[in-house]
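With the hints as extra help, turn the sequences into a complete structure.
If you read the sequences in order, they're chains C and B.
Counting along the first sequence from 1, when you hit position 389 you're at 389 in my numbering, and nothing is skipped either side.
Counting along the second sequence from 1, when you hit position 61 you're at 61 in my numbering, and nothing is skipped either side.
Keep in mind the hints are simulated off the structure, nothing from the lab.
Errors might be hidden in some of the hints.
Straight-line alpha carbon distances no greater than 30 Å define the calculated DSS-like cross-link-like pairs of lysine-lysine that follow [to be verified]: (1) Lys106(B) - Lys166(C); (2) Lys292(C) - Lys319(C); (3) Lys166(C) - Lys435(C); (4) Lys166(C) - Lys146(C); (5) Lys293(C) - Lys334(C); (6) Lys203(C) - Lys106(B); (7) Lys165(C) - Lys106(B); (8) Lys435(C) - Lys374(C); (9) Lys166(C) - Lys142(B); (10) Lys132(B) - Lys165(C); (11) Lys142(B) - Lys132(B); (12) Lys374(C) - Lys166(C); (13) Lys132(B) - Lys166(C); (14) Lys334(C) - Lys261(C); (15) Lys179(C) - Lys203(C); (16) Lys319(C) - Lys297(C); (17) Lys106(B) - Lys146(C); (18) Lys292(C) - Lys332(C); (19) Lys374(C) - Lys179(C); (20) Lys261(C) - Lys292(C); (21) Lys297(C) - Lys287(C); (22) Lys165(C) - Lys142(B); (23) Lys435(C) - Lys18(C); (24) Lys332(C) - Lys293(C).
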Amino acid sequence: MAQKITIEPVTRVEGHGKVTIHLDDNHQVTESRLHIVEFRGFERFVCGRPFWEAPVLVQRLCGICPVSHHLAAAKAMDMLVGAGDGNGLTPVAEKMRRLMHYGQIFQSHVLHFFHLASPDLLFGMDADPERRNVIGVILEHPDLAKQAVLMRKYGQEIIAATAGKKIHGTGAVPGGINKNLSLEDRDAFLNGINGNPDLSADKMIEWSEAALALLLDYHSSHTDFLDGFATFPSNHLSLVRPDGALDLYHGVIRAVDPEGKRIVNDVDSRDYLDVVEEEVRSWSYMKFPYIKKLGPKEGWYRVGPLARLNVCDFIPSPKAQAAFEQFRAYTKGKPNHMSMHYHWARLIETLHAAEMMKELLLDPDLQGTNLVTKGERCGEGIGLLEAPRGTLFHHYRVNEQDLITMCNLIVSTTNNNEPMNRAVNAAAVAQMTGKAEITEPMMNAVEVAIRAYDPCLSCATHAMGQMPLEVTLYDAAGAVVDQQRKGM
Amino acid sequence: MKSPPSVLVYGFGNPGREDDGAGVALAERIRAAALPGVTTDSNYQLNVEDALLLSEHDLVIFADATRNPVDGFRFSRLEPDPSVSFTTHAMSPGSVLALCTQLYGKTPPAYMLEIAGVSFELREGMTAEGEKNALAAGRFLKGLLERADIADFEAVASLPLR
Chain C
1 MAQKITIEPV
11 TRVEGHGKVT
21 IHLDDNHQVT
31 ESRLHIVEFR
41 GFERFVCGRP
51 FWEAPVLVQR
61 LCGICPVSHH
71 LAAAKAMDML
81 VGAGDGNGLT
91 PVAEKMRRLM
101 HYGQIFQSHV
111 LHFFHLASPD
121 LLFGMDADPE
131 RRNVIGVILE
141 HPDLAKQAVL
151 MRKYGQEIIA
161 ATAGKKIHGT
171 GAVPGGINKN
181 LSLEDRDAFL
191 NGINGNPDLS
201 ADKMIEWSEA
211 ALALLLDYHS
221 SHTDFLDGFA
231 TFPSNHLSLV
241 RPDGALDLYH
251 GVIRAVDPEG
261 KRIVNDVDSR
271 DYLDVVEEEV
281 RSWSYMKFPY
291 IKKLGPKEGW
301 YRVGPLARLN
311 VCDFIPSPKA
321 QAAFEQFRAY
331 TKGKPNHMSM
341 HYHWARLIET
351 LHAAEMMKEL
361 LLDPDLQGTN
371 LVTKGERCGE
381 GIGLLEAPRG
391 TLFHHYRVNE
401 QDLITMCNLI
411 VSTTNNNEPM
421 NRAVNAAAVA
431 QMTGKAEITE
441 PMMNAVEVAI
451 RAYDPCLSCA
461 THAMGQMPLE
471 VTLYDAAGAV
481 VDQQRKGM
Chain B
1 MKSPPSVLVY
11 GFGNPGREDD
21 GAGVALAERI
31 RAAALPGVTT
41 DSNYQLNVED
51 ALLLSEHDLV
61 IFADATRNPV
71 DGFRFSRLEP
81 DPSVSFTTHA
91 MSPGSVLALC
101 TQLYGKTPPA
111 YMLEIAGVSF
121 ELREGMTAEG
131 EKNALAAGRF
141 LKGLLERADI
151 ADFEAVASLP
161 LR
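Right, dumping it as structure tokens:
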């Protein structure tokens, strides 16, 4: 008798969604879907507001990744005020924004690895949930946990110093930035916040290297799991610097196919609508983007740390570049399709962000006083950047009264919608085939698959972050055979 | 002369979602009052690094909007929550307190000030009722902080307020 399993919500994933898994008469998984069931029209909310409010307004979307939205909107506003499309700002403005962005990447990646992923890695997916969490990590690895707290704090302090404040930061403004970095702040970040040498730029680099070493050590003893879990071929898309370097703040759009062949060849970010289209499906509020010329069936792609390292040619910081070379060598230069290797890529980017923060802090341009550029006003602005979870698109049109008339946002998790569905399916096939009862390890396996992408479903659905978990097993006739819930 | 205890008032929530900003608004009012020994902080959500912040204070008060059926506001003692409610980027106050205990060996007395909200949509500004509740909660907390006696917190937290 065919069955359907529903998982809703997922506890260490933000947002509101559920997972359904369909089994056939022989208890074989036939299909899995990640449903997004809540929708709030944020794009409509922004319409009618003065455009210069957008970089602050978009932070209301949710409180999880306000900095990424703040900067993407600011980049779009740069175009509107004639300050270029990512290349027209003064040095102090661009570098302050980059410092803010690397602070955001750093703190988000650290949180994701240490507090979401590491419990699964350190204790195993089958471990008791009472132990398989951040408190469990603290009890067994207190020094590691303290490092993670201080790394998070460092990134957050960088954000506070560059964005101006923690809530509704105003650091980036159309055409630039509203303050530079004081010498006092610079010295504190370089030598240790509040005189604490553990909160210094060099310590962040050292601990990032240690985190990467920890993962590689784990990989050496759990190779089959990390390489085999939710692995499937896909296209990969991200921004890269025009010379092919990893660039998380600005670049051209590049995508490669599963073999590494270019399928989008360094397209100007203002032309994103020539590259990407979105499909609507009846069972989810989240759209399914795809590369236009390949169509929805063949054109879906992954974004985020794994995709970025598959797409770029090199990383412009020495320690991360060495790690990148090891990462690329592992798949003999071909794209890496292993979902769990998102964590490996994420830690390489963490190291890169730490190196970039130090490099920027040492740059005297950050104390410059030429903060804003203006040029010829136009009616349309497009801002793309690489947020922690992947490519983020912001697109606005404004009228002659400076009011926003159109807003289109494609957030990172939306870009990863199809891959997340496939990852969930892969986990379901591995864990639930032939089973008629839902167990905690089964539920966690599905969560682990989603967590690899670090999704932000609340953002993708424009809803407040609430994500309980329910698993329901249906038979062929649609009757409930088993149901498990947690976090509700 | 006895110095006042180091008190942290931490308001969290998203002011861009109507009454969700009640905790942040309250923390702002307390900051403006400039009470001796009292510092304030605010953020969209609580997170792991807040455990370090907690460890640096003698007493902590979290302020947040609530959808629970609370008559105006509610003040209660907070205990460490080892169950760890945790999503991608947010922790509960009890989880942060547990983290503080585990990491730094300190459990400062901590209290939760819940402010009743009625609407949490994408809109600037609180509702009239949310604003009224936040003002009342602010007056209550300011009075408590002005006395600066930890024993008072314990006494009040164990009593129904309204």
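- request: Starting from Lys106(B), check that the Cα of Lys146(C) is at most 30 Å away, please.
  value: Within the cut-off at roughly 14 Å; holds.
Given hint Lys146(C) paired with Lys166(C) - CA-CA distance at most 30 Å: Holds, at roughly 22 Å.
- request: Please work out if Lys334(C) and Lys261(C) have their alpha carbons no farther apart than 30 Å.
  value: This hinted pair holds, its Cα atoms lying about 9 Å apart.
- prompt: Are the Cα positions of Lys292(C) and Lys332(C) separated by 30 Å at most?
  reply: Satisfied, since the Cα-Cα distance of roughly 29 Å is no more than 30 Å.
- request: Would you mind confirming whether the straight-line C-alpha gap from Lys293(C) to Lys334(C) stays at or under 30 Å?
  value: 22 Å, holds
field: Satisfaction of hint between Lys106(B) and Lys203(C), Cα-Cα up to 30 Å
entry: 25 Å, holds
- prompt: CA of Lys142(B) to CA of Lys132(B), is that 30 Å or under?
  reply: OK: Lys142(B) and Lys132(B) at ~15 Å, within 30 Å.
query: Would the pair Lys292(C) and Lys319(C) pass a check requiring their Cα atoms to be no farther apart than 30 Å?
result: Given pair Lys292(C), Lys319(C) is violated - Cα atoms ~36 Å apart, limit 30 Å.
message: Holds or violated: Lys132(B) and Lys165(C), Cα atoms, limit 30 Å.
response: Roughly 26 Å between the alpha carbons, so the hint for Lys132(B) and Lys165(C) holds.
task: Below or equal to 30 Å on CA atoms is what counts here, so check Lys297(C) against Lys287(C).
output: This hinted pair holds, its Cα atoms lying about 14 Å apart.
message: With the threshold set at 30 Å, check whether the alpha-carbon distance from Lys179(C) to Lys203(C) stays at or below it.
response: 26 Å, holds
query: Does Lys435(C) pair with Lys374(C) here, judged by a C-alpha cut-off of 30 Å?
result: With a Cα-Cα distance of about 63 Å, the restraint between Lys435(C) and Lys374(C) is violated, given a limit of 30 Å.
In the structure shown, a violation is registered for the earlier hints numbered 2, 3, 8 and 16, in ascending order.
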